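Engineer: Chain by chain, the residues:
2 protein chains.
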Amino acid sequence: MKILVIGAAGMVGRKLVAALLDAGRVGGRDVAELVLADIIAPEAPKAGLPIATHATDLSDPQAAGKLIEGRPDLIFHLAAIVSGEAEADFEKGYRINLDGTRHLLEAIRLAGLSAPYMPRLVFTSSIAVFGEPLPAEIPDAFPLTPLTSYGTQKAIGELLLADYSRRGFVDGVGIRLPTIVVRPGKPNKAASGFFSGILREPLSGLEAVLPVEASVRHWFASPRAAVGFLLHAAGLDTAGLGQRRSLTMPGLAATVGDEIEALRRVAGEKAVQRIRHEPDPVIARIVAGWPQAFTTRRAEELGFVADRSFDEIIRYHIEDELGGRIG
Amino acid sequence: MKILVIGAAGMVGRKLVAALLDAGRVGGRDVAELVLADIIAPEAPKAGLPIATHATDLSDPQAAGKLIEGRPDLIFHLAAIVSGEAEADFEKGYRINLDGTRHLLEAIRLAGLSAPYMPRLVFTSSIAVFGEPLPAEIPDAFPLTPLTSYGTQKAIGELLLADYSRRGFVDGVGIRLPTIVVRPGKPNKAASGFFSGILREPLSGLEAVLPVEASVRHWFASPRAAVGFLLHAAGLDTAGLGQRRSLTMPGLAATVGDEIEALRRVAGEKAVQRIRHEPDPVIARIVAGWPQAFTTRRAEELGFVADRSFDEIIRYHIEDELGGRIG
Chain R
1 MKILVIGAAG
11 MVGRKLVAAL
21 LDAGRVGGRD
31 VAELVLADII
41 APEAPKAGLP
51 IATHATDLSD
61 PQAAGKLIEG
71 RPDLIFHLAA
81 IVSGEAEADF
91 EKGYRINLDG
101 TRHLLEAIRL
111 AGLSAPYMPR
121 LVFTSSIAVF
131 GEPLPAEIPD
141 AFPLTPLTSY
151 GTQKAIGELL
161 LADYSRRGFV
171 DGVGIRLPTI
181 VVRPGKPNKA
191 ASGFFSGILR
201 EPLSGLEAVL
211 PVEASVRHWF
221 ASPRAAVGFL
231 LHAAGLDTAG
241 LGQRRSLTMP
251 GLAATVGDEI
261 EALRRVAGEK
271 AVQRIRHEPD
281 PVIARIVAGW
291 PQAFTTRRAE
301 ELGFVADRSF
311 DEIIRYHIED
321 ELGGRIG
Chain X
1 MKILVIGAAG
11 MVGRKLVAAL
21 LDAGRVGGRD
31 VAELVLADII
41 APEAPKAGLP
51 IATHATDLSD
61 PQAAGKLIEG
71 RPDLIFHLAA
81 IVSGEAEADF
91 EKGYRINLDG
101 TRHLLEAIRL
111 AGLSAPYMPR
121 LVFTSSIAVF
131 GEPLPAEIPD
141 AFPLTPLTSY
151 GTQKAIGELL
161 LADYSRRGFV
171 DGVGIRLPTI
181 VVRPGKPNKA
191 ASGFFSGILR
201 EPLSGLEAVL
211 PVEASVRHWF
221 ASPRAAVGFL
231 LHAAGLDTAG
241 LGQRRSLTMP
251 GLAATVGDEI
261 EALRRVAGEK
271 AVQRIRHEPD
281 PVIARIVAGW
291 PQAFTTRRAE
301 ELGFVADRSF
311 DEIIRYHIED
321 ELGGRIG
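Keeping their order, the protein sequence lines are chains R and X.
In terms of this note's numbering, the first sequence has 169 at position 169, counting the first letter as 1, and numbering is strictly consecutive.
In terms of this note's numbering, the second sequence has 91 at position 91, counting the first letter as 1, and numbering is strictly consecutive.
Hints should not be assumed to be uniformly reliable.
Since the list can't tell identical chains apart, any single copy or any two copies may satisfy a pair.
Below, a list of computed lysine-lysine pairs in the DSBU-like style, where the Cα atoms sit at most 35 angstroms apart [unchecked claim]:
hint, residue 1, residue 2
1, K92, K2
2, K66, K270
3, K92, K66
4, K2, K66
5, K92, K186
6, K15, K186
Source of the hints: derived by calculation from the structure; they are not laboratory data.
For clarity, every value in this text was computed on a predicted model and none was experimentally measured.
This is chain R alone, in the form it adopts within the complex (with noise of 0.2 angstroms):
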C-alpha cells in the first residue's frame, strides 16, 4: 500500500519509516510506495520501493492536497509545532497545530468527493491535552483541559478527527503519546529536557543537570514503544473504537528516583554520579502541573503495548543510539 508520512524528517518519523522499510509490511498489507513530507525535505532512505520526499509546510491550505495527490492508503500525521515553541509563538502554533491538521482533514474529504476516498490516519495527539487538577491516576475517559496553546491545539485536533471519522471523511486514530525518553540527541531546553537528559547525558560520559527532586513522577515510552504505537494503530480495526477515536498509549509511571535506580542498574554507580542535582523553581513548579500516571484500559484491551521497565527502555537506548556501548 501507499504511505504518506507527514512529519518524517522528526525523530519518531525517522524512526517510524525505519520501521516500515524494515517490516516491509504494515497493517497485514506490503510497503509498497511511501511519500515522506515535512517543513524541511525528508532525507529518502536508501530501499527497494518508490519513495518520494516534500519539503511541505501544512499551513498552506493548497499543501496536504498536493501530498495526498497519489490517494495514499495510510497516512501518519506526525507534524507539529512542539509546546514551548506554541507558547512563544501563538501564531504559529495555531497556523501549524490547528489550520495544518485541518487543512491535511479537508484535502482528504475533498478527494472523496470526485471518488470515493476513505484511508486510515493516524493522528499523533497528546497528554499534554490533559491538565491540572488531575487525579493520580488519569482515566481513560477524562475531560480534555489542556493548559497550553499546544494542548488545546491537540484536543481540537482530536475532535476534528472524530467528526470526521464519524461522517465517513477518514478513518481516524488519534493517538496520546506519553513523554517520549530516551529522547536522542542534544540537550534542549523543554522543561520535560531532564527526563531524557539524566540517562542520556552519562551514558554518552557527559554531566547531567536534574533540576527537579527524585520523587517527581511522570509517565514514559521509549521510542520504539512510540513506533510501535503508531504501527499498530495503522492496522488497527477501527470498529472497536466507537465514536471515541482518541486513546491515550499505555506508558511507564515512573519517578525521577526510578529512572536514577534503572541507571544505576544498567550503567553502574559511576553513570549515576554523573547527575548533578541543581533545584531550579520554575521548572519544578511547570513539572509539578504534569500528569503522573494514567490507566490505559481501552488501549491495551485494543492491544498497545507499552515498554516493560526504565531498564528496558534505556537498553533500548544503548542499542539504537549508542551502538550498544556505554560512555
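Following the hints, position chain X against chain R.
Structural biologist: Relative to chain R, chain X alone:
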C-alpha cells in the same frame, strides 16, 4: 458600557437585547451603547441610547474586526448554525460555528496588539458537547464527546475560549444552555421541537404531536432563564472559573410526562387533550442518545439560577408570548 450582541436577530438574542434595554445596567455598569449584528440586520429597538445594527457574515475573516471597531467592553456571541443544519451542510456549519468564532477571537486578540483590550466575551455553548455513553446525571467535569458536527464545533469553541482567556486576550465565559422551552414561534423540524410543541400548540388552542414516550427525560430552561444566564455571565467574577471557562447551566430535569402534568395544572385537561401521541421511532432513537440530567454545582455556586418548575416555565410563556391569555 458598549455592548456587542452577535446573533441579535435570533430568539434568545432579541430577548437579551430587550432585557438589556429594560434593565439599563449589566454587570454593575450602565448600558451606554449597543451594536447588534446578525446574518440579517436585526431590528433596532427604540431606546434612548445609540444602537447600531449590522448584517454580518461572521465567516468573512474581516467581519469580526469591523464589529469590534468601537472596542465593546462586553460581547455576547450567540450566532450559530443550529444542529440539524450543521449536520446537513458540513461546510456551512464549520464556516460559521468554527471559523466565525475563531475570527471573532482573533479580531479581539489583534485589536489588543495596538492598545490594551480584553473584553468580556460570553459564548453560548450547548449540552450537545456531550454524547453517549452518558451517565443518568452528567457531572460538571465530564469529557467533551460530541456526536454531531454542531457539538464538535461548540466543543472546539470552548477550547479556543479557554486558551485565548488563559493567554489574556479575552475574558471569556462559555455557557452550555439547556434545551430551551417553551420556544415561541411555529413548529420546526428539529428533533427536539416536540418538547416545546406539546406545550406551545395546546396553549394556543392547536393540536400537537408527541413522537416519543412520556418517560423520556431531558434538561430544560425557559427563555427567561437563558437570558438570565447571559446577563449573569456578563457580570461574573471570572477568577472563580480558573482555567475551566465553560459551565453547564443549571436546568430542570423533567420527563415528557412532567411537562404534560404541568400543562394540565396550568391550562387544564382541555389543553392536554390537544396532544396526540404518534410514536416516531427515528425521533425516539435520536432523543435516546441525549443527556437526561446534569449536576451543575459549579454554575450554581457561581450564582446561575435555574427555573423552579415546569409550571413556572409554562406561565412565563403565557405572560411573554400570549399576553397572559390561554387559547
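Engineer: Checking K2 and K66: alpha-carbon separation at most 35 angstroms within a copy, between copies, both or neither?
Structural biologist: within (15 angstroms within a copy, 47 angstroms between copies)
Engineer: Which holds for K92 with K66 at a C-alpha limit of 35 angstroms: within a copy, between copies, both or neither?
Structural biologist: Both, since 21 angstroms and 24 angstroms are each at most 35 angstroms.
Engineer: Should K92 paired with K2 be assigned to within, between, both, or neither, using CA atoms and 35 angstroms as the limit?
Structural biologist: both (30 angstroms within a copy, 32 angstroms between copies)
Engineer: Checking an output row: K92 and K186, CA cutoff 35 angstroms. Within, between, both or neither?
Structural biologist: within (24 angstroms within a copy, 47 angstroms between copies)
Engineer: Could you figure out if K66 and K270 sit no more than 35 angstroms apart (CA to CA) within one copy, between two copies, both or neither?
Structural biologist: Answer is neither: 52 angstroms inside a copy and 66 angstroms across each miss the 35 angstroms cutoff.
Engineer: Given a CA cutoff of 35 angstroms, do K15 and K186 count as a within-copy pair, a between-copy pair, both, or neither?
Structural biologist: Only inside one copy: K15 and K186 sit 17 angstroms apart there, 60 angstroms across copies, limit 35 angstroms.
Comparing the model with each numbered hint stated earlier shows that hint 2 is the single one that does not hold.
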